[in-house]
Amino acid sequence: MKQYSSFDILGPIMIGPSSSHTAGAARIGNIARKIYGGKITSVRFYLHGSFAETYRGHGTDRALLAGILCMDPSDDRLRDSLNIAKEMGIDFEFIPTVIKDAHPNTVMVEMDGENGRISVTGSSIGGGSIVITRIDDFNLEFTGDYPTLITSHVDRPGVIAKVTEIIKGCDINIAFMKVFRHQKGKEAAMIIEMDYTLPDKAIDEIKKIKEISSVMMIEPV
Amino acid sequence: MYEFKTGNELLNLCSAYNKSIGEITILYEMETSEKSREDILLKMKANLEVMREAALYGLTRDIRSVSGLTGGDAKKLWKYTEAGHTLSGTHTAMAVAKAMAVSEVNASMGRIVAAPTAGSCGIIPGALLTAAEILNSTDDDVINALFTASGVGITIAYNATLSGAEGGCQAECGSAAAMAAAAVTELVGGSPEQALNAAAFSLKAVMGLVCDPVAGLVEIPCVKRNAFGASNALTAADMALAGITSRIPFDEVVEAMYRVGKVMPYELKETAKGGLADTPTGKRIKEELSGK
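Chains as they are written, first to last, in the numbering used here: chain A, 1 to 221; chain B, 1001 to 1292.
Source of the hints: derived by calculation from the structure; they are not laboratory data.
Be careful, since some hints might not be right.
Said to hold, decoys possible - In silico lysine-lysine, DSS-like type, Cα no more than 27 Å apart, as pairs:
| id | chain 1 | residue 1 | chain 2 | residue 2 |
| --- | --- | --- | --- | --- |
| 1 | A | LYS100 | B | LYS1273 |
| 2 | A | LYS168 | B | LYS1035 |
| 3 | B | LYS1005 | B | LYS1204 |
| 4 | B | LYS1286 | B | LYS1224 |
Model the full structure from these sequences, guided by the hints.
Here you go:
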């Protein structure tokens, strides 16, 4: 069972009106932006369930876009994000849709820009908590509550140990860890949620592991 | 050492260490987060400041929600209260106005503290900020009282739910009122037992309250439920401070609230398919908004 903090109960500080439809949406946008990394020129939000039905009244649209503009859920500018994005020359669109078997508050964020097209799917599961469930074609699961390391690698024995060895070398504790793969021996992904952020040096070391094709360190939102 | 999951465990800690619920909750937070007292108090102070700003904003500015459904009622009540002819008493009316103010600020995409949720964010600031003004409390005292509120909220989170989708409005605005009632009781100098009695009264008052937001938005009836949450909390605190006790202990009230929430139909748990959302006017509002 989750251990509650006083600040889970009183908090977060956020722009209203809804922790799941506004604050959670901003967090999904923010994480999607971090996953993208580079400059974004256009973004489409495919809204599912309650997100699709009430996104205007709850400001889910503004919150998602604010996240894409790197704002956090308590940023005053959140409510003006549509105008801010226009001024910055970022095209955006909100498209109600149906995503199969998805949580009622789910969005697929499809971003285009200097790194090509990347899509990130996330759900807002209540109280501002979120879960990211898909990046491009890869199903996975992480919350964005912790510094999170995401690698993609070839599914071979020993890769996981090499990564955790480097993390251990930094004296950083792993809170949660999950490994996913498409098929035995093929493309796989690792999600490691830690108590502290890995130093750049350690990330460079992980990048050098030959089975690993990409490494992302995502700061908590 | 300071860990608690129920109201009874909280009371035992209070009596073992001869401390208030607020103080035990601070010690619990220090222990579980491994942060200093100073850091924790500062973090709560940030919450207090946002609550104050939101209340002031809602009472003095002309605000309107994104949908246009709510806004301006807090200011109306504040003006009426200032004229000095309230029936429910100036303090109650002030607390209610502040609760509505914060709730309206939330609906207008302003900055608030989820307390415990965004939908119920006006109740604790409404009741507590008003009590603090009456008592001339220091910020330190009010911050302590916010920990009282979160201590009580923690026990509800463990043993029931704080989510309208899971337990109806009783779980959101009911819990907020219970937390506010306990906080105000300790702020006045009441005992931990009195604080939990007050919390029990507040929850009992709204047991069974459904979550039926018109058009699915945190506006109708949320702003007004926040209003009544604040008056509920002040009334409950007065009753407890008078020495009245809850015949059903707080923990059992929380459990009962949870069970009531469990059997509450899906239509009445934030789905906007029942209650006020399902009235002719509620449905008309929804249609009008979707045409926008």
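Given hint B/LYS1035 paired with A/LYS168 - CA-CA distance at most 27 Å: holds (23 Å)
Need the status of pair B/LYS1005, B/LYS1204: alpha-carbon distance at most 27 Å? holds (20 Å)
Is it true that the CA of B/LYS1286 sits at most 27 Å from the CA of B/LYS1224? holds (19 Å)
Given the hint that A/LYS100 pairs with B/LYS1273, test it: the Cα-Cα distance must not exceed 27 Å. holds (22 Å)
Going through the hint list in order, the structure satisfies each hint without exception.
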